[in-house]
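Chemist: One point on numbering: in my numbering, the residue at position 190 of the sequence shown is 190, and numbering is uninterrupted.
Incorrect hints may have been included.
No farther apart than 27 Å at their CA atoms in a straight line, the calculated lysine-lysine pairs in the DSS-like style are these [as the list claims (entries may be wrong)]: (1) K133 <-> K284; (2) K40 <-> K133; (3) K120 <-> K39; (4) K300 <-> K284; (5) K300 <-> K40; (6) K101 <-> K39; (7) K120 <-> K235; (8) K39 <-> K133; (9) K133 <-> K300; (10) K300 <-> K120; (11) K39 <-> K284.
Derived from the structure by calculation, the hints contain no laboratory data.
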Amino acid sequence: MATTSFPVNPTMTAIAMMYSNPAVTLIADHVMPRIPVAKKFSYSSYDIAQGFTVPQTLVGRKSTPTEVDFTGTLINDETQDFGLDDVVPNDEIEAWASMQKPERGGPINPLDISTMLLTKLVLLDREVRVAGKVFNAANYGGNTATLSGTSQWSDFVNSNPLDAILAALDIPLYRPNVATFGQAAFTKLRQHPAIVQAVYGTAQTRGTVTRAQLAEVLEVQQVLVGAGFVNTARKGQAVNNQRVWGKHAAFLYIDPEAAQASQPTWGFTGQWGTRVAGSLPEPKNGLRGSERARVGESVKEVISAPALGYFFQNVVA
Numbered sequence: 001m002a003t004t005s006f007p008v009n010p011t012m013t014a015i016a017m018m019y020s021n022p023a024v025t026l027i028a029d030h031v032m033p034r035i036p037v038a039k040k041f042s043y044s045s046y047d048i049a050q051g052f053t054v055p056q057t058l059v060g061r062k063s064t065p066t067e068v069d070f071t072g073t074l075i076n077d078e079t080q081d082f083g084l085d086d087v088v089p090n091d092e093i094e095a096w097a098s099m100q101k102p103e104r105g106g107p108i109n110p111l112d113i114s115t116m117l118l119t120k121l122v123l124l125d126r127e128v129r130v131a132g133k134v135f136n137a138a139n140y141g142g143n144t145a146t147l148s149g150t151s152q153w154s155d156f157v158n159s160n161p162l163d164a165i166l167a168a169l170d171i172p173l174y175r176p177n178v179a180t181f182g183q184a185a186f187t188k189l190r191q192h193p194a195i196v197q198a199v200y201g202t203a204q205t206r207g208t209v210t211r212a213q214l215a216e217v218l219e220v221q222q223v224l225v226g227a228g229f230v231n232t233a234r235k236g237q238a239v240n241n242q243r244v245w246g247k248h249a250a251f252l253y254i255d256p257e258a259a260q261a262s263q264p265t266w267g268f269t270g271q272w273g274t275r276v277a278g279s280l281p282e283p284k285n286g287l288r289g290s291e292r293a294r295v296g297e298s299v300k301e302v303i304s305a306p307a308l309g310y311f312f313q314n315v316v317a
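Assemble the whole structure, with the sequences as input and the hints as a guide.
Modeler: Encoded structure:
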C-alpha cells in the first residue's frame with residue numbers, strides 16, 4: 001500500500017539508481033560519502049582538547065584516580081528534500097508504445113528518458129552543493145592557505161607543491177586520507193616537475209603522473225578530481241559552462257564508518273531512504289493529458305570535523 005500520494009514506480013526508480021554514479025566526472029559521493037540516517041538525525045561534537053589533554057594518571061596507594069569529565073554538544077539536524085519534475089505528454093508516450101521496436105536497443109520510453117535526465121540534474125545539483133562546501137575556506141578551522149603569483153602550482157620554476165602538500169598533511173589532527181582537486185588544478189599539478197621527479201625518482205622537467213601515482217607519493221588513499229561542468233548562465237541566456245570544482249585543492253580525513261560510530265570524519269552526507277522516481281497523471285496538460293515524472297532524494301551534507309582537513313585556495317593561475 002502506498003504511504004504517500006506520489007506513487008513510486010519500481011522500474012523508474014531502478015533507472016534513477018542506475019544513473020546515480022557517473023564516476024568519470026562527479027565525485028560528491030566519494031568526497032562526502034552517504035550514510036543512512038533518519039529524517040531527523042543528530043550527531044555529537046566534542047571539544048578537541050578532551051582527546052589530547054593528558055590528565056594525571058598516577059594513582060597513589062590509597063588515593064582515588066583522577067576523575068575526567070567528558071562533555072559534548074548534541075547537534076540536531078534534518079535531511080532536506082531535493083527533486084525535480086518533468087511533464088511528458090501522453091501523445092509522446094502513446095507514439096512510443098505504438099512503434100515497432102527491435103529485439104535490442106531502439107527508442108526508449110519518454111518517461112524513462114525524462115527520469116534519466118532528471119536524475120542527472122539532481123546529481124549535478126548535489127555536486128555543486130558539495131563542491132561549495134569542500135572548496136570553502138570557512139570549513140577548515142583555520143587550516144588554509146591562499147596561493148598567488150610564484151607560489152601557485154602553475155609556476156613550474158618557483159613553486160614546490162610537493163613540499164607544500166606534505167607540510168599541509170602534517171597539520172590536521174588526523175592525517176588526511178583523501179586529496180580532492182578541481183580538474184584545472186590537477187592538470188597542472190600532475191605535470192609539475194617536482195611531482196614528476198618524486199614519482200619517477202629522476203631529474204625530469206617534463207612528464208605527467210597518474211592519480212594512483214600521486215596518491216602513492218602523498219600516502220593518501222584516494223585522489224579525486226572534480227571534472228564536471230555546470231551552466232552558470234541564467235535561463236534564456238547563452239550557455240556558459242564552468243567547472244563545478246574550481247582551481248583549488250582540499251585534503252580531508254574521510255571515514256564513513258567512523259561517522260556512523262560517532263567518530264571524527266571531516267564530513268559526510270546523511271541520507272534518508274533511497275532515491276525515488278515515479279509519475280503522476282496530469283490530465284490538464286496537453287490535449288490527451290500528460291504524465292508528471294519526478295525524481296528526488298532526501299539528504300543533508302554535514303561538515304562534522306573541520307579541523308580534519310586542509311584547504312589550498314587558488315592553487316593555479
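Chemist: Of all the hints numbered above, which does this structure not satisfy? Sort the numbers upward.
Modeler: When the structure is compared with the hints, numbers 1, 4, 6 and 11 turn out to be violated.
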